[in-house]
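Numbering of the sequence shown is given in my numbering, commencing with residue -17 and proceeding in unit increments.
Please keep in mind that the hints were generated in silico from the structure rather than gathered at the bench. Be aware that one or more of the hints could be misleading.
Stated by the list, open to error - Subject to a maximum C-alpha distance of 27 Å in a straight line, what follows is the list of computed DSSO-like cross-link-like pairs (lysine-lysine): (1) K87 <-> K122; (2) K84 <-> K101; (3) K15 <-> K122; (4) K15 <-> K87; (5) K64 <-> K89; (6) K122 <-> K101; (7) K15 <-> K84; (8) K87 <-> K101; (9) K101 <-> K15; (10) K101 <-> K64; (11) K64 <-> K122; (12) K64 <-> K15.
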Amino acid sequence: MKKIFTLMIVAATFAFAGCAEQSELNPDTLPLKCVISGHAYYSFVDQSGSIQNDVVVPFGTEVRILYAIPDDSGNINGYAVKSVVTDVLGGFRVDIGCPAGKSLKVKCETSFESTNYVKPEGSYGYVPSAAIFFGSTTEKSVAAGSSLYFEINAGVSSNLTYPGTN
């Protein structure tokens, strides 16, 4: 029984090893901060069938900031995640702690449900469909004490009411 308990502790330690370093990236305990900010937009089809681009995401949309310190080879062994919500202009901002002399690899993503208009087979016009929108940015590097700006552009990932209309 003691061996099984020891193996479970060792397994749990390895399972969380990729996140351990990131959990220490607290801006309250580290002298240097990285300011991550940006805006989130989305595109959808309106009721006339026109594509509406660069529309500000709904107020309070969650943005996930994924960040990590790469190892000496530049590899990422797992990301820490910090969630923030957008303001009325689609903006977001968060401070992440970073050890002196290090840099972070950062990327952002968002997903939310909203309305997209689709033209189902056999229909003469566009009808509203509940839709899942998703957007992700490419990874960027930021040095300790610096700031980084992201622009997230989300698009329809899936139409829920009319799934065959993507």
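Hint by hint, here is what the structure shows:
1. K87 <-> K122: holds (6 Å)
2. K84 <-> K101: Distance of about 51 Å is beyond 27 Å: violated.
3. K15 <-> K122: With a Cα-Cα distance of about 16 Å, the restraint between K15 and K122 holds, given a limit of 27 Å.
4. K15 <-> K87: holds (14 Å)
5. K64 <-> K89: holds (11 Å)
6. K122 <-> K101: With a Cα-Cα distance of about 38 Å, the restraint between K122 and K101 is violated, given a limit of 27 Å.
7. K15 <-> K84: Satisfied, since the Cα-Cα distance of roughly 11 Å is no more than 27 Å.
8. K87 <-> K101: Distance of about 41 Å is beyond 27 Å: violated.
9. K101 <-> K15: Measuring from Cα to Cα gives roughly 48 Å; hence the hint is violated.
10. K101 <-> K64: violated (38 Å)
11. K64 <-> K122: At roughly 16 Å apart (the allowed maximum being 27 Å), K122 and K64 satisfy the hint.
12. K64 <-> K15: The given pair, whose Cα atoms are some 14 Å apart, holds under the 27 Å limit.
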